[in-house]
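J.: Just so you know, the protein sequences line up as chains A and B, in that order.
Position one of the first sequence corresponds to residue 25 (my numbering), numbered consecutively onward.
Position one of the second sequence corresponds to residue 19 (my numbering), numbered consecutively onward.
No lab work stands behind these hints: they were computed from the structure.
Honestly, I wouldn't trust all of these hints.
Unchecked claim - Dumping the calculated EDC-like pairs for lysine to aspartate or glutamate here, alpha-carbon to alpha-carbon at most 20 angstroms: (1) Lys142/B with Asp62/A; (2) Lys64/A with Glu140/B; (3) Lys32/A with Asp113/B; (4) Lys97/B with Glu62/B; (5) Lys142/B with Asp70/A; (6) Lys102/A with Asp91/A; (7) Lys123/B with Asp70/A; (8) Lys72/B with Asp33/A; (9) Lys102/A with Glu83/A; (10) Lys64/A with Glu132/B; (11) Lys64/A with Asp144/B; (12) Lys70/B with Asp94/B; (13) Lys64/A with Asp113/B; (14) Lys112/B with Asp144/B; (15) Lys108/B with Glu132/B; (16) Lys102/A with Glu132/A; (17) Lys128/A with Asp91/A; (18) Lys74/B with Asp33/A; (19) Lys74/B with Asp144/A; (20) Lys102/A with Asp62/A; (21) Lys168/A with Asp118/A; (22) Lys64/A with Glu139/B; (23) Lys81/A with Glu132/B; (24) Lys32/A with Glu139/B; (25) Lys134/A with Asp144/A; (26) Lys168/A with Asp104/A; (27) Lys32/A with Asp71/B; (28) Lys112/B with Asp150/B; (29) Lys143/B with Asp62/A; (30) Lys123/B with Asp94/B.
As the list claims (entries may be wrong) - Listed below are several chain B residues computed to face chain A (Cβ distance under 10 angstroms; list not exhaustive): (31) Phe29; (32) Ser30; (33) Gly33; (34) Met78; (35) Asn85; (36) Phe87; (37) Ser90; (38) Val93; (39) Lys97; (40) Tyr116.
For every residue, glycine included, the Cβ atom is placed at its ideal position computed from N, Cα and C.
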Amino acid sequence: MNDLSLPKDFPNSVAEPFTITSPITRNYNCIAWAFGDDSKWYWPDDYGIGFWPIPLKRECSSESFVDLFKSIGFVPCKTDKYETNFEKIALFLDVHGFPTHAAKQIDEHKWSSKLGEHHDVSHTIKSIEDGLYGKAIIFMKRKKMVK
Amino acid sequence: MKTETEFNIPFSSVGKTTSISFSNCIRLYEGNSLFVKQKKISKEYRDFINLKDKWKEETMFESNLNNIFSNSNYVDIIKFGANVLPWIIKDLRKDGGYWFVALTKITGLNPIRETSRGVYEEMKKDWLSWADNNYLNERSVTT
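Build the full structure now, drawing on both the sequences and the hints.
T.: The following block contains the structure:
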């Protein structure tokens with residue numbers, strides 16, 4: 025698939041891997057993608073447009089996003105380092121500590137993200153940091169399900 | 019009609035007189051002339067398209083719906099009020115986008131069913147069904 029370079033929004037994409045892996049769609053966003061649901065747009069917005077599971081607090085805070093992933097078995101962990109038997113997700117926060125983005129780990133080197141209403145991309149943590157989404161601050165993991 | 023006019027290009031005195039006369043003609047015929055009305059709609063439509071394109075460009079990688087709905091171009095489109103409803107519906111039908119908050123702010127309505135929340139195609143369907151039931155047809159424009 026195509027390699028992207030988006031220096032304005034993702035300055036590190038110029039030098040780091042950033043590869044398109046899906047068509048454009050408005051059906052789901054990065055949070056939904058990391059959560060494992062590509063049928064809805066997850067966001068606890070003020071207008072009631074985004075989906076947010078009812079038991080969870082509908083507020084745009086890192087705690088609320090952590091609770092979302094805890095609800096499907098993820099627990100906070102220290103690093104983005106790949107662990108064979110675990111799935112990992114990363115939460116990106118802006119300089120004020122507000123959530124902006126989530127990505128899920130694919131393998132030792134790559135992560136996968138949905139970019140707003142655009143493509144899914146595979147990338148490194150670094151390639152998507154320092155731009156529109158800020159930094160990957162929170163990492164969570166859960167045991168891989170046996171198929 | 020005597021008016022005070024500022025010119026941002028260096029007209030000659032004849033040019034100034036012609037320009038003022040032209041402006042007076044527009045004022046006199048506004049409300050009566052279909053041609054003048056059409057010209058005004060064309061300008062409004064161009065402004066709408068410009069704001070819409072900027073909104074989509076500036077929010078294309080956003081996941082945060084609050085940021086998508088508070089983008090200054092989106093807010094400016096809402097300020098146009100009911101005039102832009104047919105154009106929003108047309109765009110929703112064709113190119114799409116998260117127009118739902120703009121539609122609610124302009125109409126004061128929210129036809130989105132609880133079960134549609136977060137599901138883009140369902141929310142779109144709910145609004146287009148509302149538009150069809152209310153005979154909200156496309157507003158004609160000549161650019």
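J.: If a hint holds in the structure, say so; if it doesn't, say that too.
T.: Quick rundown of the hints versus the structure:
This hinted pair checks out: Lys142/B and Asp62/A have alpha carbons roughly 17 angstroms apart, not beyond 20 angstroms. Between Lys64/A and Glu140/B the alpha-carbon distance is near 10 angstroms, which keeps this suggested pair within the 20 angstroms criterion. Distance restraint check for Lys32/A and Asp113/B: the Cα-Cα separation of roughly 24 angstroms exceeds the 20 angstroms cut-off, and the hinted pair is therefore not satisfied. Straight-line distance between C-alpha atoms of Lys97/B and Glu62/B comes to about 12 angstroms, which keeps the hinted pair within the 20 angstroms bound.
For the hint linking Lys142/B to Asp70/A, the alpha-carbon distance of about 19 angstroms falls within 20 angstroms, and the restraint holds. As the CA atoms of Lys102/A and Asp91/A are separated by approximately 17 angstroms, the hinted pair is consistent with the 20 angstroms bound. For the hint linking Lys123/B to Asp70/A, the alpha-carbon distance of about 13 angstroms falls within 20 angstroms, and the restraint holds. Between the alpha carbons of Lys72/B and Asp33/A the distance comes to roughly 15 angstroms, so the proposed pair stays at or under 20 angstroms and holds.
This hinted pair does not check out: Lys102/A and Glu83/A have alpha carbons roughly 24 angstroms apart, beyond 20 angstroms. Proximity of Lys64/A to Glu132/B is assessed by CA-CA distance (about 13 angstroms); at most 20 angstroms being required, the pair is judged to hold. Our distance criterion of 20 angstroms between C-alpha atoms is met by Lys64/A and Asp144/B, whose separation comes to about 16 angstroms. Among the hinted pairs, Lys70/B with Asp94/B is consistent with the structure: their alpha-carbon atoms are about 10 angstroms apart, no more than 20 angstroms.
At most 20 angstroms may separate the alpha-carbon atoms for a hinted pair to count; Lys64/A and Asp113/B meet this at roughly 19 angstroms. Taking the CA atoms of Lys112/B and Asp144/B, the gap is near 15 angstroms; set against the 20 angstroms cutoff, the hint holds. Between the alpha carbons of Lys108/B and Glu132/B the distance comes to roughly 24 angstroms, so the proposed pair goes past 20 angstroms and is violated. Between the alpha carbons of Lys102/A and Glu132/A the distance comes to roughly 16 angstroms, so the proposed pair stays at or under 20 angstroms and holds.
Distance check on the hinted pair: Lys128/A and Asp91/A sit about 16 angstroms apart at the alpha-carbon level, within 20 angstroms; holds. At most 20 angstroms may separate the alpha-carbon atoms for a hinted pair to count; Lys74/B and Asp33/A meet this at roughly 14 angstroms. Distance check on the hinted pair: Lys74/B and Asp144/A sit about 18 angstroms apart at the alpha-carbon level, within 20 angstroms; holds. Between Lys102/A and Asp62/A the CA atoms are separated by roughly 27 angstroms; this puts the pair beyond 20 angstroms, and the hint is violated.
Proposed proximity of Lys168/A and Asp118/A is contradicted: the alpha carbons are some 29 angstroms apart, above 20 angstroms. About 9 angstroms separates the Cα atoms of Lys64/A and Glu139/B, which keeps this hinted pair within 20 angstroms; it holds. Of the pairs offered as hints, the one joining Lys81/A and Glu132/B holds, with about 17 angstroms between alpha carbons and a cut-off of 20 angstroms not exceeded. A hinted pair counts as satisfied when its Cα atoms are at most 20 angstroms apart, and Lys32/A with Glu139/B does not qualify at roughly 30 angstroms.
Annotation: proposed proximity of Lys134/A to Asp144/A holds, straight-line Cα distance about 13 angstroms (limit 20 angstroms). As the CA atoms of Lys168/A and Asp104/A are separated by approximately 15 angstroms, the hinted pair is consistent with the 20 angstroms bound. With a C-alpha separation of about 17 angstroms, the suggested pair Lys32/A and Asp71/B falls inside the 20 angstroms cut-off, and the hint holds. Taken as a hint, the Lys112/B and Asp150/B pair is honoured in the structure, with Cα atoms around 15 angstroms apart against an allowance of 20 angstroms.
A threshold of 20 angstroms between alpha carbons decides the hint, and for Lys143/B with Asp62/A the separation of about 18 angstroms falls inside it, so the pair holds. Of the supplied pair hints, the one linking Lys123/B and Asp94/B holds, its CA atoms being roughly 12 angstroms apart against a limit of 20 angstroms. The interface hint given for Phe29/B is violated, since its Cβ lies 40 angstroms from the closest Cβ of chain A, which is over the 10 angstroms cut-off. Interface restraint check for Ser30/B: the shortest CB-CB distance to chain A comes to about 45 angstroms, outside 10 angstroms, so the restraint is violated.
With its C-beta approaching chain A no nearer than about 42 angstroms, Gly33/B sits outside the 10 angstroms limit, and its interface hint is violated. Annotation: Met78/B was flagged as interfacial toward chain A, and the flag holds, the nearest CB pair being 6 angstroms apart, inside 10 angstroms. With its C-beta approaching chain A no nearer than about 9 angstroms, Asn85/B sits inside the 10 angstroms limit, and its interface hint holds. Among the interface hints, the one on Phe87/B holds; its C-beta lies about 6 angstroms from the nearest C-beta in chain A, closer than the 10 angstroms criterion.
Here the hint on Ser90/B is broken, as its CB sits about 17 angstroms from the closest CB of chain A, past 10 angstroms. A least Cβ separation of about 13 angstroms between Val93/B and chain A goes past the 10 angstroms threshold, and the interface hint is therefore violated. The criterion of a C-beta within 10 angstroms of any C-beta in chain A is not met by Lys97/B, whose closest approach is roughly 17 angstroms, and the hint is violated. Given hint, Tyr116/B at the interface with chain A, holds; its Cβ is 7 angstroms from that chain's nearest Cβ, closer than 10 angstroms.
Hint compliance for this structure: hints 3, 9, 15, 20, 21, 24, 31, 32, 33, 37, 38, 39 are broken, all remaining hints hold.
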